[in-house]
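Single-letter residue listing:
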Amino acid sequence: MSTIRATGPVSEIRDRFGFLRRSYAMMAKEFIQLRRDRVSFAMIVAIPVMQLLLFGYAINTTPHHLPSAVLLQEDSDLARSVLKALENTAYFRFVYEVHDVEDFDNLLKSGKVLFGVEIPRGFERAVRRGDKPALLVAADATDPVAASSALGSLGMIVQTALQHDLYIGDAPALPFEIRAHARYNPAAESRINIVPGLVGTILTMTMLIFTALSVTREIERGTMESLLSMPIKPVEVMLGKIVPYIVVGFIQAFLIVNIGVFLFGVPVLGNLLLLAALSTLFIATNLAIGYTFSTIAQNQLQAIQMSFMFFLPSLLLSGFMFPFAGMPAWAQYLGECLPLTHYLRIVRAIMLKGASMPNLRFDAVALAILMLVAMTIAVTRFRRTLD
Amino acid sequence: MNAGNDIAIDVRGLSKSFGGREVVHDLSMQVKRGSIYGFLGPNGSGKTTTIRILCGLLTPDSGEGTCLGYDILRDAEKIKRQVGYMTQRFSLYQDLSVRENLEFVARLYGLADARGAARDMIKRLGLSGREEQLAGELSGGWKQRLALGACTLPNPKLLLLDEPTAGVDPKARRDFWNEIHALAAEGLTVLVSTHYMDEAERCHEIAYIAYGHLLARGTVDEVIAKSALTTYTVTGELGGLAAELDHKPGVDMVAPFGTSLHVSGRDAAALEASIAPWREKSGLHWQKSHPSLEDVFIELMNRSRDNFQ
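Same order as they appear, the protein sequences are chains D and F. The opening position of the first sequence corresponds to residue 1 in this note's numbering, with each subsequent residue numbered one higher. The opening position of the second sequence corresponds to residue 1 in this note's numbering, with each subsequent residue numbered one higher.
Next comes chain D alone, as it looks inside the complex:
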């Protein structure tokens, strides 16, 4: 038989260092707990490294090689060399060549290109006659950062590039006029660009957090054990936890759009029903991703950290803060995997460009695929037993 003997009180002299000893005890405990929480520990390294790499390599506020379309109404040598000169500025990369105005408009509207160059009929002849014809460069100014640097220095650069060209020679001025037109946001007002983007970022943040805690909370409160002992399937748990928040997200989206329209004067040119439908899809996608985190995380803190790790690249790589087209290819591929990237294109296109469903099919399908992938992972990850 063993007896537990109480040890005597700590001597008075040692207790003079009581403050330090107690603080030390607390610190030592915190370090031990931090070391045991692998995910938190990984975050200490991952967050600064990720931020630095993304800011350092992926983000470029003076983007180059922006996807552009050319509306070619005349196929002449001069037209070809002007296009070549534009491409040589390194700002433009011609990915589409169309001959029809409607195709040209749709490319800009759907966001497939940021610039459109229109070479009018009879361009070469007008140049030879010295008529100074207009070369129209239309820019998608829903993202003013991406458009402005290219537009700003257009005239100078094109002239330099054309200097040795047959028709232009050493002429003191360009024999044609470059007429730049900033579409959708002619005054290049940043709020016109930012408010629709904020709809997406705010929804990403709030929706992720709502569901990211849902499963871990049940586990931590002990309610999961009895829930699992009852006849309910993983997919039923998931739907039950996602659907209520779709309503919440919808109310949020409604508020932000209304504030944007009535307080900041942001236009809504497109169909409101289409905006509502695709916003609902986006809300559901984020909820599904948050729910997936909650099936992977071991506690609520980890779930919050995972959401943060997802939210950060969403801000940086989606085209919300920095021009999407200016990022290197790997960052663009990464960006395509983020729902916010697709939703930003959708919300900007509907509100500012009046785009309709055919313009947005790609991004809508991408959102749906991301949602289904997240849901599939969540349902497979959901542990039906306590093993």
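Bear in mind the hints are in silico, worked out from the structure with no lab data behind them. Honestly, I wouldn't trust all of these hints.
Unchecked claim - Keeping only pairs whose Cα atoms sit at most 16 Å apart, straight-line, the calculated EDC-like set for lysine to aspartate or glutamate is: (1) D:233 - F:244; (2) F:288 - F:272; (3) F:157 - F:244; (4) D:233 - F:77; (5) D:84 - D:103; (6) F:281 - F:244.
As the list claims (entries may be wrong) - Quick partial rundown of chain F residues pointing at chain D, CB under 10 Å, derived from the structure: (7) 29; (8) 56; (9) 59; (10) 76; (11) 77; (12) 91; (13) 93; (14) 108; (15) 110; (16) 150; (17) 157; (18) 160; (19) 177; (20) 183; (21) 202.
Stated by the list, open to error - Away from chain F, derived, C-beta distances all over 10 Å, residues of chain D: (22) 22; (23) 223; (24) 228; (25) 256; (26) 333.
Heads up, the beta-carbon is just placed ideally off N, CA and C, and yes, glycines get one too.
For this one, chain D is given, so just place chain F on it according to the hints.
Just chain F, lined up with the frame of chain D:
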């Protein structure tokens, strides 16, 4: 349904390890329909793990068997529909009211009239007038009644209760056991784990499990009889006696009970020899008695510690 129609639980050779530590070892048990089966054993002995295996929350590493005639490995979903499981920790939603919790459970089991079922259960539990109170605000005794109500709501055939009365006052415990006996009388099978000896004595049959091994089973009397423990009760001037007797040959256990001392041993002859010098001492009164269930369990526990640790 298979032949064992009067057997609710019939499992053989169940084993389960967590991280290399075997929590349940080669456990076999049969529980008759309509009986109250007590599951006893020290903390960490594998009671909760066994209960979780029975209701499909854990998959055993090896072993097989049936629960209500369904295979525990393949038919977990069917078992879940007919089993009410009351977890050790309160696992209803603290931020839902009494009524909302019950309606939630009723809907999960697909009861036709969830509201009506919840209303009837509130009446049966004696919670009328408190149906809108949040579950988290109920006292320990009421929480446990509500939890029992929730797991009996879908009319299960088997109740698995994991230490249902831990931390509940004696009156509430007695009411709870009366309720369990009433349910068993209606034909429900109840498997209940507990630490309390008085509760064990209220069971039709008990099983004692320690370190994952099932050590004894049967009715309370059978378990006591099988223990072959000889026990003396000593009263009088006991000062220092416990320390003096401890570790003497043949003395396996010395335990004070209020003003008396229980001295027990497996080997009756060795025990008699060791205590002989004190039996003649004036001021001490020795009487040969039956071991209590607690004596038997503590002896089993000490013995199993020698064997398995």
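Hints, one by one, checked against the model:
1. D:233 - F:244: 61 Å, violated
2. F:288 - F:272: 11 Å, holds
3. F:157 - F:244: 53 Å, violated
4. D:233 - F:77: 9 Å, holds
5. D:84 - D:103: 22 Å, violated
6. F:281 - F:244: 14 Å, holds
7. 29: It is violated, given that the least Cβ distance between residue 29 of chain F and chain D is near 19 Å, above 10 Å.
8. 56: This interface hint holds because 7 Å falls under the 10 Å limit.
9. 59: Given a least distance of 6 Å, the restraint on residue 59 of chain F holds.
10. 76: 8 Å, holds
11. 77: 6 Å, holds
12. 91: Interface hint status for residue 91 of chain F: holds (4 Å vs cutoff 10 Å).
13. 93: Nearest chain D Cβ about 6 Å off; hint holds.
14. 108: Interface hint status for residue 108 of chain F: holds (5 Å vs cutoff 10 Å).
15. 110: 8 Å, holds
16. 150: With a minimum Cβ separation of about 8 Å from chain D (threshold 10 Å), the hint on residue 150 of chain F holds.
17. 157: 14 Å, violated
18. 160: 8 Å, holds
19. 177: 22 Å, violated
20. 183: Interface hint status for residue 183 of chain F: violated (18 Å vs cutoff 10 Å).
21. 202: 25 Å, violated
22. 22: With a cut-off of 10 Å, residue 22 of chain D remains clear of chain F, as the shortest Cβ separation is near 31 Å.
23. 223: Since the minimum Cβ distance to chain F is about 5 Å, residue 223 of chain D lies within 10 Å and the statement is violated.
24. 228: The claim breaks: residue 228 of chain D does not keep its Cβ more than 10 Å from every Cβ of chain F (closest is about 6 Å).
25. 256: At about 29 Å from chain F, residue 256 of chain D clears the 10 Å cut-off, so the statement holds.
26. 333: Label holds. Min Cβ-Cβ 40 Å, cutoff 10 Å.
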